[in-house]
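Fit chain B to the given chain A structure using the hints.
As you go down the protein sequences, you meet chains A and B in turn. Yeah, the first sequence ends on 412 if you go by the numbering used here, and it's all consecutive. Yeah, the second sequence ends on 1412 if you go by the numbering used here, and it's all consecutive.
Hints are computed from structural coordinates only; laboratory data are not their basis. In this text, a Cβ means the ideal position worked out from N, Cα and C, and glycines have one as well. There could be a bad hint or two in this list.
[What the hints assert, rightly or not] Quick list of simulated restraints, FRET-style, between CB atoms:
1. ARG242/A x ASN1139/B: 50 to 58 Å
2. SER1309/B x GLY137/A: 45 to 53 Å
3. ASP1157/B x PRO319/A: 48 to 56 Å
4. ASP1252/B x SER309/A: 20 to 28 Å
5. GLU321/A x THR1022/B: 42 to 50 Å
6. ASP1141/B x SER268/A: 24 to 32 Å
One letter stands for each residue in the lines below.
Protein chains: 2
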Amino acid sequence: MLKINPTRLLNDLNHLRTFGATGPGVVRLSLSATDMTARRWLVDRMRDAGLDASIDGVGTVFGRSRNAGPALLIGSHTDTQPTGGWLDGALGVIYGIEIARALAECEETKHLAVDVASWIDEEGTFSGFLGSRSFVGDNVDDAIGHARDREGVLLADALAQAGIADAPRVRIDEARHKAYLEPHIEQGGRLEAGGKSLGVVTTIVGIRELALRFTGQRNHAGTTPMAIRRDAGAALVAFIARMDDAFKQLADADTVWTVGRIELDPGSFSVVPGRADMYLQFRDADPARLDAMERALATLIDAFNAENSVHVEVSTSEPPEQPVVMNSALQTHLADAAEALAPGQWERMPSGASHDAQVIAHHVPACMLFVPSIGGVSHDFIEDTDEAHIVLGCEVAARAAASILHELNRHS
Amino acid sequence: MLKINPTRLLNDLNHLRTFGATGPGVVRLSLSATDMTARRWLVDRMRDAGLDASIDGVGTVFGRSRNAGPALLIGSHTDTQPTGGWLDGALGVIYGIEIARALAECEETKHLAVDVASWIDEEGTFSGFLGSRSFVGDNVDDAIGHARDREGVLLADALAQAGIADAPRVRIDEARHKAYLEPHIEQGGRLEAGGKSLGVVTTIVGIRELALRFTGQRNHAGTTPMAIRRDAGAALVAFIARMDDAFKQLADADTVWTVGRIELDPGSFSVVPGRADMYLQFRDADPARLDAMERALATLIDAFNAENSVHVEVSTSEPPEQPVVMNSALQTHLADAAEALAPGQWERMPSGASHDAQVIAHHVPACMLFVPSIGGVSHDFIEDTDEAHIVLGCEVAARAAASILHELNRHS
Chain A
1 MLKINPTRLL NDLNHLRTFG ATGPGVVRLS LSATDMTARR WLVDRMRDAG LDASIDGVGT
61 VFGRSRNAGP ALLIGSHTDT QPTGGWLDGA LGVIYGIEIA RALAECEETK HLAVDVASWI
121 DEEGTFSGFL GSRSFVGDNV DDAIGHARDR EGVLLADALA QAGIADAPRV RIDEARHKAY
181 LEPHIEQGGR LEAGGKSLGV VTTIVGIREL ALRFTGQRNH AGTTPMAIRR DAGAALVAFI
241 ARMDDAFKQL ADADTVWTVG RIELDPGSFS VVPGRADMYL QFRDADPARL DAMERALATL
301 IDAFNAENSV HVEVSTSEPP EQPVVMNSAL QTHLADAAEA LAPGQWERMP SGASHDAQVI
361 AHHVPACMLF VPSIGGVSHD FIEDTDEAHI VLGCEVAARA AASILHELNR HS
Chain B
1001 MLKINPTRLL NDLNHLRTFG ATGPGVVRLS LSATDMTARR WLVDRMRDAG LDASIDGVGT
1061 VFGRSRNAGP ALLIGSHTDT QPTGGWLDGA LGVIYGIEIA RALAECEETK HLAVDVASWI
1121 DEEGTFSGFL GSRSFVGDNV DDAIGHARDR EGVLLADALA QAGIADAPRV RIDEARHKAY
1181 LEPHIEQGGR LEAGGKSLGV VTTIVGIREL ALRFTGQRNH AGTTPMAIRR DAGAALVAFI
1241 ARMDDAFKQL ADADTVWTVG RIELDPGSFS VVPGRADMYL QFRDADPARL DAMERALATL
1301 IDAFNAENSV HVEVSTSEPP EQPVVMNSAL QTHLADAAEA LAPGQWERMP SGASHDAQVI
1361 AHHVPACMLF VPSIGGVSHD FIEDTDEAHI VLGCEVAARA AASILHELNR HS
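Just chain A, same shape as in the assembly:
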């Protein structure tokens, strides 16, 4: 009978938390001395679990089962944001190690192959998703030669400093890696609000990031009558109201859009702003809806420019990230395991955040399992999840892992 060990799971998560502990949170930036110490500890844990483990040439910790494939790859990341929570990606990595151990301890599953990964730099201290991108064969040499952290340190120098610049880089083995599972905290408040304990991810949403610049006429705020002003800030505010109306027409309950930054120039009490900038991001699981929102924005901009003395221009700030659908057969394994262990306490949901799974899904069938975030908080020192949810999530992931591997073995 397959059984995870909750005490061992929680002990490992709590031990990993000590590397970079800052109050209740964790600061463990990719390739920092703290991060490398944690990675060496992970190698030891993976070896204890019977995996052949090492740190690769970009920093990913990879543990390979000695069992023959087909293998299920379980992974996430143990690097954090500058103000990170203790679980975030760490949860999925320790789940992977615990599931490898639990499968090895059970007669019916000890022949199954689970490989475990802690991908480097999911959070983008240097270059987001570096580990998973390297793993699937994307060219990361440009990033290594040019990406820098906030202090200006070059990624290549950080790899040399960490002593891993010459280590081999782990690469996908397409004959072996037949499925990918990434357990993660939800990072939102949807499960908690709905009284659910588990989320089976349907899609990782797509993202559009645009910058809008409004150009009017800078003027004296005392001597310029309202009627003749070309106030770029007032135009921006009016535009947002129209944009909200248009987006509401197109949105479903999961569509989100955010104005994260507004800057008025010159930014003083006494000057009518001559220029105003805003950052706009929107996310949705449906690529057609993202396109429709972008078209609606373009239509609004044309109409606005036709009738206003303030001119607005839009530019693309980041290349669009397309939505990535999770493999439906794998979703079914997760859903069946969730229903077996927590009947009625789970739901299917999109992931509003980005994850390594979106990189790997282009090469290996992929799925994700969420556990609730207390108060919906993430990327914050106070991020947390109930212990009962942490344990339940691992039990469901282990059951699904066995089920996935049994099926892979039947078909191989």
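Just chain B now, kept in the frame of chain A:
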């Protein structure tokens, strides 16, 4: 027959422009070496005009007529903004010198007393209106001991560096100074838009400056559904729309309000802003309307807080400046002179900008005359006024000065 000399007037304005000339504009910050050179040149011009002139202990250039009072004081300022125009306050100072000369050259007016001032630091490089405040007897020692410019230089040190720290400070002579005239460029586009050449100022508007802070909940922009967000930035945008509606109900054509700065925290694409700040300024000639606008704002804030999950608080950023009414008898002298020399080409109007006249008006009956600003531009290198308007403005000011002084002498 009283006649100003247009060539002499324009030559002096153009010569003053050379001190700190930067392209078409002027950079002549209070007490800078450039400013002090210009002040010494002004002293010479005032002495040539027959005035007893010197630079006082705060930097004001004061030229006193040798004629017995009652005296008309004509003044403005020759310091500039960091990106100043060539006329701004310089116009009124050179008008004063030219009018003193013109009166002295005319048999019917040569006995009349015109004193001329270039008040230091109207623009607030160290402490706004320093010269006029010192002149009327306000305590400026605190400012001298504590005010600093943008580079951190203490006002006291700047006065010592300029070599004037121990010079006596010129003070109002209430037995002598019976009227104050400040000619100035309009700094707005109202005269130009109306096809007028001159403005007789009715009131210098009052100013309220408030800071509004919206506090919501910072959250992940991907994982936080719209329905449960407490987006401080979205709340700010919605509030501005309501505020605009409320202010429009209360405003007349001269009421102005400006949101000059907006800051969202933390200010990135991927984070729902947890905090949003805005700077709000409004100006009006009617103190009752300013109070009504502030009450309307308070009512809006209460209603907003009662129905929103984002909380807004208002704080006063600067002490309110009350509107200052210009003396009506002096307005009539200006209006009569304008109508005589430019029939139908003048109008009465409020001053949307602040001026030394608002300080002096509390002690001496005061009036202001405006000439048009091309394109309504001020505090900018390209600020300019048609030569014909510059000359006409001085002719009208001279005629009004004679008329004011004749009346003062009749009543003294």
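For each hint, the structure was consulted:
1. In this structure the supplied range 50 to 58 Å holds for ARG242/A paired with ASN1139/B, their Cβ-Cβ distance being about 52 Å.
2. Separation of SER1309/B from GLY137/A is about 46 Å and conforms to the stated range, judged on CB atoms against 45 to 53 Å.
3. Under the hint 48 to 56 Å, the C-beta atoms of ASP1157/B and PRO319/A, about 54 Å apart, fit the expected range.
4. Distance hint for ASP1252/B and SER309/A: a CB-CB separation of about 22 Å, consistent with the stated range 20 to 28 Å.
5. Look at GLU321/A against THR1022/B: about 47 Å separates their beta carbons, and that is inside 42 to 50 Å.
6. The supplied range of 24 to 32 Å is met by ASP1141/B and SER268/A, whose beta-carbon atoms lie about 28 Å from each other.
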